[in-house]
Amino acid sequence: MHQHFELVTNAAGRVVPTEVNGRKQIAFPGVGMHRPQGPKAAPPIHSAGDYPASGDKRVPDLETALRKCGLRDGMTISNHHHLRDGDAVALMALQTAAGMGVRDLMWFPSASFPTQAGVIELMEAGVVHHIEGSMNGPLGDYCSQGKMRGLGVLRSHGGRWQAIQDGEVHIDVAVIAAPTADAFGNATGSLGKSACGSLGFALADSMYADHVIVVTDNPVPFPCAPWQIQGNNVDYVVEVPSIGDPAKIVSGTTQITRSPDRLKIAEHVARFIRDTGIMRDGFSFQAGAGGIALAFVDYLRRMMKDAGVKARFVRGGSTRYLVELLREGLTDYLLDGQTFDLAGVESMARDPRHIATSPFTSYNYNGKGFFNQMVDVVVLGATEVDTNFNANVVTHSDGRLLHGIGGWQNCLFAGCTILAVPSFRDRIPVIVDEVTTLTGPGEMIDVVATERGIAINPLRQDLLDRVKGSQLPIRKIEDIQREIERICGGKPQRPRLRNTPVAVVKWVDGTVLDTVWQAVPGVV
Amino acid sequence: MATTANLKTRGEAGRCGEDVRSDLHVIFEPRNNGGVEIDLESRVAPYYGDTIRTQAQEVLEALAVHHAHISLHDEGALPFVIAARIEAAVRRAGLGQGRRALPLPVPLPPPSARDRLRRTRLYLPGSEPKYFINAGLHAPDAIILDLEDAVHPAEKDATRILVRNALRAVDFSPAERMVRINQLPLGYEDLEEVIPEAPDVVLIPKVEHAEQVLAIEERVRQIAACGKIDRPIWLMCILESALGIENAFAIATASERMIAMSIGLEDYTADLGVVKTAEGRESIYARTRLVNAAHAAHIQASDSVYGDVGDMEGLAGWAETARTLGFEGMGCLHPLQIPVIHRAFAPSQLEIEKALKIVAAFEEAQRRGLGVVSLGSKMIDPPVVTRALTLVERARQMGLLLTNEPTTANNLDTT
Numbered sequence: 040m041h042q043h044f045e046l047v048t049n050a051a052g053r054v055v056p057t058e059v060n061g062r063k064q065i066a067f068p069g070v071g072m073h074r075p076q077g078p079k080a081a082p083p084i085h086s087a088g089d090y091p092a093s094g095d096k097r098v099p100d101l102e103t104a105l106r107k108c109g110l111r112d113g114m115t116i117s118n119h120h121h122l123r124d125g126d127a128v129a130l131m132a133l134q135t136a137a138g139m140g141v142r143d144l145m146w147f148p149s150a151s152f153p154t155q156a157g158v159i160e161l162m163e164a165g166v167v168h169h170i171e172g173s174m175n176g177p178l179g180d181y182c183s184q185g186k187m188r189g190l191g192v193l194r195s196h197g198g199r200w201q202a203i204q205d206g207e208v209h210i211d212v213a214v215i216a217a218p219t220a221d222a223f224g225n226a227t228g229s230l231g232k233s234a235c236g237s238l239g240f241a242l243a244d245s246m247y248a249d250h251v252i253v254v255t256d257n258p259v260p261f262p263c264a265p266w267q268i269q270g271n272n273v274d275y276v277v278e279v280p281s282i283g284d285p286a287k288i289v290s291g292t293t294q295i296t297r298s299p300d301r302l303k304i305a306e307h308v309a310r311f312i313r314d315t316g317i318m319r320d321g322f323s324f325q326a327g328a329g330g331i332a333l334a335f336v337d338y339l340r341r342m343m344k345d346a347g348v349k350a351r352f353v354r355g356g357s358t359r360y361l362v363e364l365l366r367e368g369l370t371d372y373l374l375d376g377q378t379f380d381l382a383g384v385e386s387m388a389r390d391p392r393h394i395a396t397s398p399f400t401s402y403n404y405n406g407k408g409f410f411n412q413m414v415d416v417v418v419l420g421a422t423e424v425d426t427n428f429n430a431n432v433v434t435h436s437d438g439r440l441l442h443g444i445g446g447w448q449n450c451l452f453a454g455c456t457i458l459a460v461p462s463f464r465d466r467i468p469v470i471v472d473e474v475t476t477l478t479g480p481g482e483m484i485d486v487v488a489t490e491r492g493i494a495i496n497p498l499r500q501d502l503l504d505r506v507k508g509s510q511l512p513i514r515k516i517e518d519i520q521r522e523i524e525r526i527c528g529g530k531p532q533r534p535r536l537r538n539t540p541v542a543v544v545k546w547v548d549g550t551v552l553d554t555v556w557q558a559v560p561g562v563v
Numbered sequence: 019m020a021t022t023a024n025l026k027t028r029g030e031a032g033r034c035g036e037d038v039r040s041d042l043h044v045i046f047e048p049r050n051n052g053g054v055e056i057d058l059e060s061r062v063a064p065y066y067g068d069t070i071r072t073q074a075q076e077v078l079e080a081l082a083v084h085h086a087h088i089s090l091h092d093e094g095a096l097p098f099v100i101a102a103r104i105e106a107a108v109r110r111a112g113l114g115q116g117r118r119a120l121p122l123p124v125p126l127p128p129p130s131a132r133d134r135l136r137r138t139r140l141y142l143p144g145s146e147p148k149y150f151i152n153a154g155l156h157a158p159d160a161i162i163l164d165l166e167d168a169v170h171p172a173e174k175d176a177t178r179i180l181v182r183n184a185l186r187a188v189d190f191s192p193a194e195r196m197v198r199i200n201q202l203p204l205g206y207e208d209l210e211e212v213i214p215e216a217p218d219v220v221l222i223p224k225v226e227h228a229e230q231v232l233a234i235e236e237r238v239r240q241i242a243a244c245g246k247i248d249r250p251i252w253l254m255c256i257l258e259s260a261l262g263i264e265n266a267f268a269i270a271t272a273s274e275r276m277i278a279m280s281i282g283l284e285d286y287t288a289d290l291g292v293v294k295t296a297e298g299r300e301s302i303y304a305r306t307r308l309v310n311a312a313h314a315a316h317i318q319a320s321d322s323v324y325g326d327v328g329d330m331e332g333l334a335g336w337a338e339t340a341r342t343l344g345f346e347g348m349g350c351l352h353p354l355q356i357p358v359i360h361r362a363f364a365p366s367q368l369e370i371e372k373a374l375k376i377v378a379a380f381e382e383a384q385r386r387g388l389g390v391v392s393l394g395s396k397m398i399d400p401p402v403v404t405r406a407l408t409l410v411e412r413a414r415q416m417g418l419l420l421t422n423e424p425t426t427a428n429n430l431d432t433t
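Residue numbers (the working numbering), protein chains in the order written: chain A, 40 to 563; chain B, 19 to 433.
Bound conformation, chain A alone (with noise of 0.2 Å):
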């Protein structure tokens, strides 16, 4: 890696390099303490002139559409995650690219999947130079052994979009896949064989970037209607034979847990939001897609109906467990970022009361407010929590990439962030002296439920007196940490790292929270 910067120490203790790919950084100054200045980012201005009188702007492959757009060495493309391990578009786009002999290209997914592990190939080749989102699995080891030639650069879904408006990120070349898509270049995720539901991390690309391809294998004449992407933002479209596998795009449905462990946490995170009156008529709540989430979900709504409240809205990843919240009337909206399941696509498709969403107006923070400010109570995982509450998510305890920040950093901002984890998984303490990486700052996390207990964090006197008198398991987290470093066998060996960045955690304001460090390759 030839890459020159210095290391500063930012506000919350972490060491941080002052430039990342040639762009000069601002370290995280403590939350809520930067504000950008000056205009935002904006695409050139084009001329319907220039495009097809009829409106129909089909080519017949993908590559005629990338040389159309002018792609060249050292650009940047985009792709959305919305057809998850199921996609087969970011992967063609690249591949695409390096038959054409582009080199040196910046990657930019909202997020990749393991299916996307031939870009390591593309990288070897030097067709990709990095990768800025979300990296796991092959990516995220390939990363983590410092083997890339620029730095991950891993942001919230939030923090992708501000990094687009803010101009950080410049989109030369969009390539959207869409489920189903008229010539025009109008797309949506609703409909179609290939259908995914929202296609909201898709907007700020088809908004901001200098051209734009919808690659779609359900073309509809005009109107793809209701549309998702706007056709006066689309360059080219090209119809191919499956954008992706329909069976991985969405689960056929997703299933709570099983593990009585994990249900337990689920059970201690719903009594604690109905017994500190945080349940009430009008409220609002988000949980994702994961085991303890839905089982979360499904206590919840049997102590709603049980007590007789509803939720004014609850923000999706939908899965049919919220499906069933709204078609049961115990919530009047569903406000979806993304679709998990196939009762959630036809539940978007059909139901005017579920509603996508973009990053934009759930998630950005360099903007006038964004919704999840307005969510009360928000139930999200992380692999680490430390005393003080600060939590990672995106690295395993030994530092290698585990997965990507997502929405978690956008949803610290809701009215109570509790998170749900097992005490230690295994052998290994989830609750810790110091979190390996830093995802989200402590004084944004309020509760940590565990099988053992409930800590609350004591800057919540609030929280910490709604419970006196009730028969919730509150503990303090030294003590939960206490007890599970006596079942471990002592506190854990801190992990073994390199001095050399292999990439940095952005916070939602764009500076930088934290670095993940190379890993030492053998010890895993």
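In case anyone wonders, no lab produced these hints; they're calculated from the structure.
A couple of the hints might just be wrong.
Stated by the list, open to error - List time: in silico DSBU-like cross-link candidates among lysine-lysine, alpha-carbon distance up to 35 Å:
| id | chain 1 | residue 1 | chain 2 | residue 2 |
| --- | --- | --- | --- | --- |
| 1 | B | K174 | B | K224 |
| 2 | A | K507 | B | K375 |
| 3 | A | K232 | A | K287 |
| 4 | A | K107 | A | K287 |
| 5 | A | K63 | A | K107 |
| 6 | A | K530 | B | K174 |
| 7 | B | K148 | A | K530 |
| 8 | A | K515 | B | K148 |
| 9 | B | K148 | A | K287 |
| 10 | A | K63 | A | K79 |
| 11 | A | K344 | B | K375 |
| 12 | B | K372 | A | K507 |
| 13 | A | K344 | B | K372 |
To be verified - The following label-pair restraints were derived from C-beta to C-beta distances:
| id | chain 1 | residue 1 | chain 2 | residue 2 | range |
| --- | --- | --- | --- | --- | --- |
| 14 | A | E45 | B | R118 | 54 to 64 Å |
| 15 | A | T539 | B | M330 | 37 to 47 Å |
| 16 | B | P192 | A | K344 | 25 to 35 Å |
| 17 | A | Q294 | B | Q367 | 33 to 43 Å |
To be verified - Covered stretches of chain B, going by a simulated chain A footprint (3 or more residues, C-beta under 8 Å):
| id | segment |
| --- | --- |
| 18 | 65–79 |
| 19 | 90–97 |
| 20 | 145–157 |
| 21 | 348–358 |
Think of the CB as a built atom: it goes at the ideal place given N, C-alpha and C, for glycine as much as any other residue.
Knowing the structure of chain A, use the given hints to seat chain B on it.
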């Protein structure tokens, strides 16, 4: 998969592999010189690699092994499991006899009361350490570390070491700690290993005669005396045959240590040559006979397990029937069964309120020195008062009473 030693000098124990969690596989090869050499492969090596090596050294030292090659393939096993697996491997190699490598103890829970609540007893296969550590969190009234049916015959030796270590190092509170031993004579070896760690209850399977209980009682007494254990170790019998049921009262009264009896329906129905059904009509005689014998002996009657862990409605129905028949609890195969059974064995609010009124009338009569208890214009018979006192006391133990309601523990003869 563990196998017994194929060479006399080599010992293996434990399990590893993709689907194994919280266990480890040990290959132990004694040497004549050269000290101890340890190979370690572990998913938790970055966090506990040094700790595991140190522990392996200490365990071998405790077993008086000074020269050996030991290879550990660890899947995140906790220290008490690591110690047990190494000890089992060493013993299988014919070494370490008469020695134990005991893990750090947790404080013993308070001694078990003879008549404590025993609504649920959660079976934990003794050879599956991953289920141990969080078992108490699900708050069964008891856990059973099973050395018998859940354990393959080739794993009995290693399992009793693991169970011994679990009794010593795992906090199962608030559950009572039961161990189900094997039938005699194998059961004697189980007792040698586990009694020094003071289990609260020894669960004896397939009992048919009072003599079996007496034999076990005597051995428990000897080992407990030897180990200076000054807290009760109770006995509970499972009757699993027609003959056992016929001898139920003799078995129930065989020992002062007897606190409960249960029935094993799989074996019982097989003995009768009938099909075990979901309604259980074929075992109604055996179950009621057992209830009667237990009550005649002033011990608890506990029902069998409900085998279909996915069917919560069926379980609730079975448990409610069990309560009406006079059982005070039943076995559990999955933690999710626990709250369902606890609900089924809980008296209703109506029952509790009625009992509280009777108790209040009884206390009023006592205070005024009246021999007759009356509620309004109605006279209350003594057995009704006794039942109300029992119900209120149980409701209190189950946490169903508000704290300001009268406690009646002093009025109850609990022996």
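Verification of the hints:
1. Taking the CA atoms of K174(B) and K224(B), the gap is about 18 Å. The hint holds against a cut of 35 Å.
2. Under the criterion of a C-alpha separation no larger than 35 Å, the hint pairing K507(A) with K375(B) is consistent with the structure, at around 31 Å.
3. For the hint pairing K232(A) with K287(A), the CA-to-CA distance comes to about 12 Å; that is within 35 Å, so the pair holds.
4. The suggested pairing of K107(A) with K287(A) holds, with an alpha-carbon distance near 31 Å, which does not exceed 35 Å.
5. Restraint check for K63(A) and K107(A): satisfied, since their Cα atoms lie roughly 32 Å apart, inside the 35 Å limit.
6. For the suggested pair K530(A) and K174(B), the alpha carbons sit about 33 Å apart, so the restraint of at most 35 Å is met.
7. This hinted pair checks out: K148(B) and K530(A) have alpha carbons roughly 20 Å apart, not beyond 35 Å.
8. The hinted pair formed by K515(A) and K148(B) meets the criterion: a straight-line CA distance of about 26 Å does not exceed 35 Å.
9. With a C-alpha separation of about 31 Å, the suggested pairing of K148(B) with K287(A) holds against the 35 Å cut-off.
10. Restraint check for K63(A) and K79(A): the C-alpha separation of about 18 Å stays at or below 35 Å, so the hint holds.
11. Restraint check: the Cα-Cα separation between K344(A) and K375(B) comes to about 33 Å, which is no more than 35 Å; the hinted pair holds.
12. With a C-alpha separation of about 32 Å, the suggested pairing of K372(B) with K507(A) holds against the 35 Å cut-off.
13. Restraint check for K344(A) and K372(B): the C-alpha separation of about 30 Å stays at or below 35 Å, so the hint holds.
14. Range check, E45(A) to R118(B): about 58 Å between beta-carbon atoms, so the 54 to 64 Å window is met.
15. Between T539(A) and M330(B) the Cβ separation comes to about 54 Å, which falls outside the hinted range of 37 to 47 Å.
16. Look at P192(B) against K344(A): about 30 Å separates their beta carbons, and that is inside 25 to 35 Å.
17. The beta-carbon spacing between Q294(A) and Q367(B), approximately 36 Å, falls within the hinted interval of 33 to 43 Å.
18. By the rule of at least three residues with a Cβ nearer than 8 Å to a Cβ of chain A, the coverage given for the segment 65–79 of chain B holds, with 6 such residues.
19. Coverage of the segment 90–97 of chain B by chain A holds. Counting CB-CB distances below 8 Å, 5 residues qualify, and the rule asks for three or more.
20. With a cut-off of 8 Å between beta carbons, the segment 145–157 of chain B has 4 residues touching chain A; three or more are needed, and the interface restraint holds.
21. Proximity of the segment 348–358 of chain B to chain A, defined as three or more residues with a beta carbon under 8 Å from a beta carbon of that chain, is established by the 3 residues found.
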